[in-house]
Amino acid sequence: MTETNAAAIGAKQAETPDARRRAMFWRVVDDYSLIGIFIVLFGVLSATVQYFFSWDNIVGLALSVSQIGMVACTMMFCLASRDFDLSVGSTVAFAGVCCAIVSNATGSVALGIAASLVAGALIGFVNGVVIAKLNINALITTLATMEIVRGLAFITSQGQAVGVTSEAFFTLGSAELFGLPVPVWVTLACFVVFGVLLNKTIYGRNTLAIGGNPDAARLAGVSVDRVRIAIFLIQGLVAALAGIILASRMTSGQPNAGQGFELNVISACVLGGVSLMGGRASISGVLVGVLIMGTVQNAMSLMNIDAFYQYLVRGTILLIAVLVDQLKNRRQSR
Amino acid sequence: MTDAPRLEFRHIGKTFPGVRALGDVSFAVRAGSVHGLLGENGAGKSTMMKILGGEYIPDEGEVAIDGQAKHFRKAADAIASGVAVIHQELQYVPELSVMENLLIGRLPTRFGLVDRRKALAWTREKLDALGVDLDPRAKLKQLSIGQRQMVEIVKAILRDAKILALDEPTSSLSHRETEVLFRLVRDLRAQGKAMIYISHRLDEIFELCDAATIFRDGRKVADFDTLEGVTRDQLVQRMVGREISDIFGYRPREHGKVRLAVQGVTGRAVPAPVSFEVKAGEIVGFFGLVGAGRSEVMRVIYGADRRTAGAVHVDGEAIKASHIRDSIQHGLVFCPEDRKEDGIIGVRSVSENINISARRNHLVAGLFVNDRNEAKVADTYIDRLRIRTPNRRQEIRLLSGGNQQKAVLSRWLAEKDLRVLIVDEPTRGIDVGAKNEIYNVLYELAERGVAVVVISSELPEVLGVSDRVVTMCRGRITAQFQRTEANEADVLAAALPEGASATPMRNT
Chain A
1007 MTETNAAAIG AKQAETPDAR RRAMFWRVVD DYSLIGIFIV LFGVLSATVQ
1057 YFFSWDNIVG LALSVSQIGM VACTMMFCLA SRDFDLSVGS TVAFAGVCCA
1107 IVSNATGSVA LGIAASLVAG ALIGFVNGVV IAKLNINALI TTLATMEIVR
1157 GLAFITSQGQ AVGVTSEAFF TLGSAELFGL PVPVWVTLAC FVVFGVLLNK
1207 TIYGRNTLAI GGNPDAARLA GVSVDRVRIA IFLIQGLVAA LAGIILASRM
1257 TSGQPNAGQG FELNVISACV LGGVSLMGGR ASISGVLVGV LIMGTVQNAM
1307 SLMNIDAFYQ YLVRGTILLI AVLVDQLKNR RQSR
Chain B
26 MTDAPRLEFR HIGKTFPGVR ALGDVSFAVR AGSVHGLLGE NGAGKSTMMK
76 ILGGEYIPDE GEVAIDGQAK HFRKAADAIA SGVAVIHQEL QYVPELSVME
126 NLLIGRLPTR FGLVDRRKAL AWTREKLDAL GVDLDPRAKL KQLSIGQRQM
176 VEIVKAILRD AKILALDEPT SSLSHRETEV LFRLVRDLRA QGKAMIYISH
226 RLDEIFELCD AATIFRDGRK VADFDTLEGV TRDQLVQRMV GREISDIFGY
276 RPREHGKVRL AVQGVTGRAV PAPVSFEVKA GEIVGFFGLV GAGRSEVMRV
326 IYGADRRTAG AVHVDGEAIK ASHIRDSIQH GLVFCPEDRK EDGIIGVRSV
376 SENINISARR NHLVAGLFVN DRNEAKVADT YIDRLRIRTP NRRQEIRLLS
426 GGNQQKAVLS RWLAEKDLRV LIVDEPTRGI DVGAKNEIYN VLYELAERGV
476 AVVVISSELP EVLGVSDRVV TMCRGRITAQ FQRTEANEAD VLAAALPEGA
526 SATPMRNT
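So the protein sequences, as listed, match chains A and B.
Position 209, counted from 1, in the first sequence is what this note's numbering calls 1215; the numbers after and before it change by one each time, with no gaps.
Position 149, counted from 1, in the second sequence is what this note's numbering calls 174; the numbers after and before it change by one each time, with no gaps.
All the pointers check out, no bait thrown in.
Simulated crosslink set (BS3-like; lysine-lysine; CA at most 27 Å straight-line):
{"id": "1", "chain 1": "B", "residue 1": "K401", "chain 2": "B", "residue 2": "K365"}
{"id": "2", "chain 1": "A", "residue 1": "K1139", "chain 2": "B", "residue 2": "K345"}
{"id": "3", "chain 1": "B", "residue 1": "K365", "chain 2": "A", "residue 2": "K1139"}
What follows is a set of in silico ranges between Cβ atoms, one per label pair, in the way DEER data are often shown:
{"id": "4", "chain 1": "B", "residue 1": "D404", "chain 2": "A", "residue 2": "M1283", "range": "23 to 33 Å"}
{"id": "5", "chain 1": "B", "residue 1": "D404", "chain 2": "A", "residue 2": "A1053", "range": "39 to 49 Å"}
{"id": "6", "chain 1": "B", "residue 1": "R293", "chain 2": "A", "residue 2": "G1113", "range": "48 to 58 Å"}
{"id": "7", "chain 1": "A", "residue 1": "I1154", "chain 2": "B", "residue 2": "R293", "range": "32 to 42 Å"}
{"id": "8", "chain 1": "B", "residue 1": "S51", "chain 2": "A", "residue 2": "Y1038", "range": "35 to 45 Å"}
{"id": "9", "chain 1": "B", "residue 1": "Q167", "chain 2": "A", "residue 2": "Y1038", "range": "43 to 53 Å"}
{"id": "10", "chain 1": "A", "residue 1": "V1124", "chain 2": "B", "residue 2": "E366", "range": "33 to 43 Å"}
{"id": "11", "chain 1": "B", "residue 1": "R411", "chain 2": "A", "residue 2": "M1283", "range": "28 to 38 Å"}
{"id": "12", "chain 1": "A", "residue 1": "M1283", "chain 2": "B", "residue 2": "V139", "range": "30 to 40 Å"}
{"id": "13", "chain 1": "A", "residue 1": "N1141", "chain 2": "B", "residue 2": "Q167", "range": "20 to 30 Å"}
If you're looking for bench data, these hints aren't it; they were derived computationally from the structure.
C-beta: ideal position from N, C-alpha, C; glycine also.
Bound-form chain B, shown alone:
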């Protein structure tokens, strides 16, 4: 063994037209360790991973493995050198089974036909050896996201990867799935793999990582050889470059009359009638486990999914069922959970994404789009919400997640008569600094008298921003807590199915 670190980044630089994504970044990852990468969205972590995976070619610097410089020109080069990068967007064939996905391109054959028995035995053996509990015959599309991710990791290991990078692996995993993943990561560390772990969840970094590197604005701002004795606040401060004492920064305010009244609403994915009210200036957090039916209820209220029964009123006016435009006309708007699938229109500009709805109120001669006004609106929100983009004409897909989310929020802030804002997982996959900014937007809106509903699966977030917490479980509202009486244990207990024990999800 040489003393060279397993993986080394040497003075990496990468520029995209108009944006310097990375500049002179160097750090090293030892074999048998988990190295955390931290930084706000757009800080350059994902670009770094794409360079490691051979998807981007750096303009400057090089990647070295075991002291040897490597110049990956394409993804296959990286794989051949024992590098596996597992992105947030997984790459698998949904129609094929676990076994076929693992053996893709090298299925054992017998007389020219696939030898299923042999393949099955081989897959079982490998899965058992790794302690992964999966049915080799299950099709990928039948598995949960967490299980699919597991398949992806197993695939990497079976390719003899010695360097494994995980980009936000837990963002859509359940608590149990996260535990399984952590166990696997620890096993791999024990086997001497070098691992890079990207996450916005600091508790995960503390729990899992041996060392960490912090990025800001495409540069390395700090290296930690060990995380012993390092505090959470220290990390956050280095990440955002300014002090954020309390990322929620809750501000109390007065509540007015009932703005949103939901009575006995049902839909195809909402079997039991749901009723609740939200007052002007009030922020209500909806908490529940994944699949508790929160998003489904909100989609029916907004009109995105069919409403089969019940009534929705905004300021006493009835909203037509299953009619998004009527909801928007009444100032009832919704930011969906999956930004990329349902929120942004990727190939269109930031300005287009902001103005798409509100432009109807600024037409010239009742027919023509008012470009000058739209430019002004876009620039106003880019400025006010600190959306990081070269200009308003930039295609929104090129922005980081947090900035995309701010643009989607701006779309509704630009509505002249906003009354009810429903946001579904507004900070998922977003860094601390942007989170804080998004919370501030919600407070500002509430101060203006908007009724705000926040769906979140992060317990600290729900408790941190809400005036009132509503818990849901299996499609029903199970409890409500005022801010003063809400605590982690009670809220969690109310969100869990009966019979389950109320152990805290993570030791935060």
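For reference, chain A alone in the conformation it holds in the complex:
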């Protein structure tokens, strides 16, 4: 019960400047603790793990989290509106397969990309309509579309990886711009765009309002259904984009790609302080959440820790993050 004691001491004389300073201190801790943890983690790993602090490794790290990062941006909206999306992993796989097949059939990479973006948006749209208009629980709906879309990926590819013949397609995943690979740039762009959307537009604020209280938001004039459908549609679109980039990096569309991807994305968001109860989210939190997940994984690989143990560590980190969040909330309301 240390947090209660801390609160009691910190709050004893709220009117005194001393206590006000202490309240400020806690607010700063709440707001920046995650970033602090990341910096400490990064510093420790740089000092102790060989090869960790090198440009090549940092770029590799960024590249490895680029898909998760992109989709975490849209998943943040989904969670902020008190919804959930399990179908993104399947969408990633299906988009890759779809892009490869269409590219091969038409000989145009652009057409392939366009086709899988449309497919991703469509999957998201279906999710959104079923959830918003037919009032079916998001967990169940996206669990169903997760299975359906995974099935589609296997059916269209006949269970095989679909190799792409066009050279142009590979550059998407491997080309560099100012020293950074294209996927990293795309991910950074996602963070900027969705950060602005969340904080500076009616769409973002309404997303948070819906997550906070959907009924009140509706009575305040928010088009709840429309916003929810938009959230899922954009989510599908970005998941497809991640799928295309992943396929490009692997030089083929693979129907079993992105297994467990949705849970990694949700973990990163939760680690970044996005509330599963809706109404609370920050883009910087999600960025740090993604980076912590990626950094830990990267360091464990460098240290030659068996991949099986990485599951263990990831799960533990997530559990700790949720616990810390819980303690934080309790201190605020006691």
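Put chain B on the given structure of chain A with help from the hints.
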């Protein structure tokens, strides 16, 4: 028996980050008495109750029972010491029956299975002994709010509680249910229980309480060992710290042309067509019993529920059916009855809650939220409506009910072209001072030419603020009274179903 009072609060202090909720509060409650707690919202009554119930740990002071200091660390400690706190939000399992809710955790078993017959007999016996008329097999969700509350009280008594605290128990009870509750409270007093009774309704305090303590701004401002000879005005004055001669403070004004015209509107919960008009600058009060269909009609007019027939016009312009945004565009807005469920967005800031709708008119480059302007708007209304909050960034769920209501009102005041304001039970669960402030907002709006509709189940309030009173019963408008011709008996008679006798609800 010792002479120590059954329950004693000794120098209780409690601070939340940035807010001093309670400071040095002491008072005592005798066994066999009902002790009233009065004060505006945010005065500290509910915090006090949470400390009594073991939900909050006080920073200073202690609670003593029969002279013995107790330091509750959690709710179970309080229960073990014979304390039962019944909050406004009840805690029960809606899917289970009365019997199961009462026996939860200790159902009698036979061969490892629940012995329903034994449980039923036991429950019947206990309910009869308390004179509570409830079917033990009814599921909680099928009962009225009043009946659920009764179950909660019975549960407390069956746990051998000797101290019982009721926080605003009558706020959603019907007249009959209130009477049953009062009878039960008096019985319990006769049995020697010590009771704390929180209510904003002063007549209830006078009717029920033996003693009272008044809170203001987290401090005790007055103790009354007896309420004999104490006047209503004395209590109100101590509560608000200033004199409010007439809490309604009605101000007459001119009325203009018809602003809101409702013709033959029906909806799923509004079977019979409803028609009425409201003029610019006019305040129309809708009175009826709970379930008379007033809220349902207003929700259809606003577009929150589907409109199946009829027309709504604002200044002659037709409002699209079932389309909230079109209503808002035309300056027709609605403050719902249940603040917490339908009004506020709890985890968002006061500023967000105020700006959520009007921000669309202040976008930068047609796309980006104008934070500076929103801060200004929020601060303006926090100041003007005297919303008590540390700052505009505070999460609105942490404010008291009255201040939340003011923020929801501000949301619509911030609309640049407000024409029709419909408020549903705007002062439910709100203290006298905040009530007065909310009435003043309504008058100001009316003076600016806004057509105002007030739904209220409090007869004095309807008569006190309205220029015209419309009564509803069973989904139909039954009568209209101009302010000059409206009186309690007639209005009440018009609101009651035919055949029912028109006895005044409470002796105010």
